[in-house]
Amino acid sequence: MSVLSKDIRPISGAGIGLRSPHINDILTSLPDISWLELLADNHFAEGGVVTAQLDAIAEYYPLTLHCVGLSLASLEPLDKVYCQRIKALAKRVNAKWISEHLCFTSSMGLHSHDLLPIPYNQESLNHCANRILQIQDLLGERLLIENVSSYMTFNNSDRVEIDFIVELAEKADCYLLADVNNIYVNHVNQGLDADYYIDNLPIERVKEIHLAGYQQQQNYLLDAHNNPVSEPVWALYQRLVKRKADIPTLIEWDNDIPSLQTLLNEARKAELIMQKGACHEP
Amino acid sequence: MSLKALQQSFIQQLAHSQSADKFLEYLEPCGNLLPEHQLAIYQNNVRGALQKSLAQVYPVCQKIVGDNYFKQLASVYIKQYPSKHHDLNSYGEYFSDFIKSQCLQRNELNDFSYLSDLVQLEWFYQQVYYAAEGSLFDFSAYAKLNEQQQVNTVFQLIPCLNFFSSDYPVLSIWQMNQEGSNKHQSLDLNSENCCVFRKKNLIELRIIDTTIYNLLTYLIAGKTLEELALMGVDNYLPALIEQGWIGGFKVKHV
Ligand SMILES: [Fe+2]
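First to last, the protein sequences are chains A and C.
Mapping of the first sequence onto our numbering: residues 1 to 282, in sequence order.
Mapping of the second sequence onto our numbering: residues 1 to 254, in sequence order.
Since the hints were derived computationally from the structure, they do not count as laboratory data.
Incorrect hints may appear among the rest.
Claimed, not checked - Partial chain C-side listing against chain A, Cβ under 7 Å, derived: (1) Gln8; (2) Ile11; (3) Glu28; (4) Tyr125; (5) Tyr129.
The model shown is predicted, which means the values in this text are computed figures rather than measured ones.
Beta carbons: idealized from backbone N, C-alpha and C, even for Gly.
This is chain A alone, in the form it adopts within the complex (with noise of 0.2 Å):
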């Protein structure tokens, strides 16, 4: 455990998303992780259990908030009581950023709980920056916006997927999720070029990276949180972290969720490339 305290540790290095299961474990053996990352929708409960424990473990780990539910490409009039209850949360635990996924969750009041994909096109993009605007001023702080695994292509989608990203971050003024999963997810469904996603993605705003594991279905990937991080996507993220080393990064598993350890071993193995990233950096 480090020395500082959680009010001065930054965000670095590699952490692992808390998942209920690795609660207990973590707040009796309080091990040496970085940070860790709490899915927000999960933690809106007013009090019980999970509040209190969750209270526990922001006083030993500095946090961050991720969110599925701000539907942030939505058309329906922006969810101001879901913003609330992220900001609320967010200064609870001291979450050091929120970050949220470039899709849509609900239209016509009905929620998907799965994150829908858009079309890559002017309208959405012009949509997209004034609603990530929009809930900025809200919370008072830049957002970072996450790629998403998509298996859907639109036939009014008129730019790739790396393109919109990089357009949308300028004129929203925000920040970047990279999640290295997805992109390779995409690049084997939807056949785009990942090499050239790695090195167009605007580095400076990138601020957290993802990683994780898909499953393989019959025809297709998906985004199924359920494995250890591919060999593939790995070397995805090698290339990435070459173009910059110290990018915090995350260990995503959501299904079939294995031992703290095994997911510590796979935030160990991140550290270990960012070690020799920072070597090669020019």
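With chain A's structure known, arrange chain C with the ligand on it following the hints.
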């Protein structure tokens, strides 16, 4: 198609699985995935997430009817009740009513008329699990009220408490189905009043007698101390305060 129209069409395909022809016109094949396959992946993901959520809220119901049958019930429910809230923990609130209607429609559920109440108990359990903390009763503030104010006092239950009455021994059935339970004796087919509450982060489920059940309903209805005294139930209040079920009060202005 505008972004708005596309999102509406997309979400309707997920919520109601309506005829997808129009929506599919806006998709292109990609890699190995034809448009209908692309949509099916999302339909699967959404159904999977909601099924998983229902299974987490209703583990005893799932255990009683079996995993596969529960999945079947869940997928019918999901079609009838798409999610209308960003918080997945709010999903499934109509499952008890739904199960009641299914018990009337499905022969194989004829012997499970208690299931709807059991599902209600599991829903309350989940609500209590996530509810706000109960406050402690402020005796000194109460002592400062004058006599007139005291008779007009309405006592407030803590937020992490729920109760209901069932024609079936649902709490006993719930307990029998907990892991490690050794309760296998045959049940009296008695009705049960159940109370679910949280104390120091632990959930407790308790059978309550009819007097206490009635008192709780009066408290919810906002009856004053004077009205409770007229019904002869005010003498049970100290016990409720002592076990932390009553967390506050307000004086009703008459
Ligand atoms: Fe991610």
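Original post:
Which of the stated hints cannot be reconciled with the structure, identified by number in ascending sequence?
Top reply: 4
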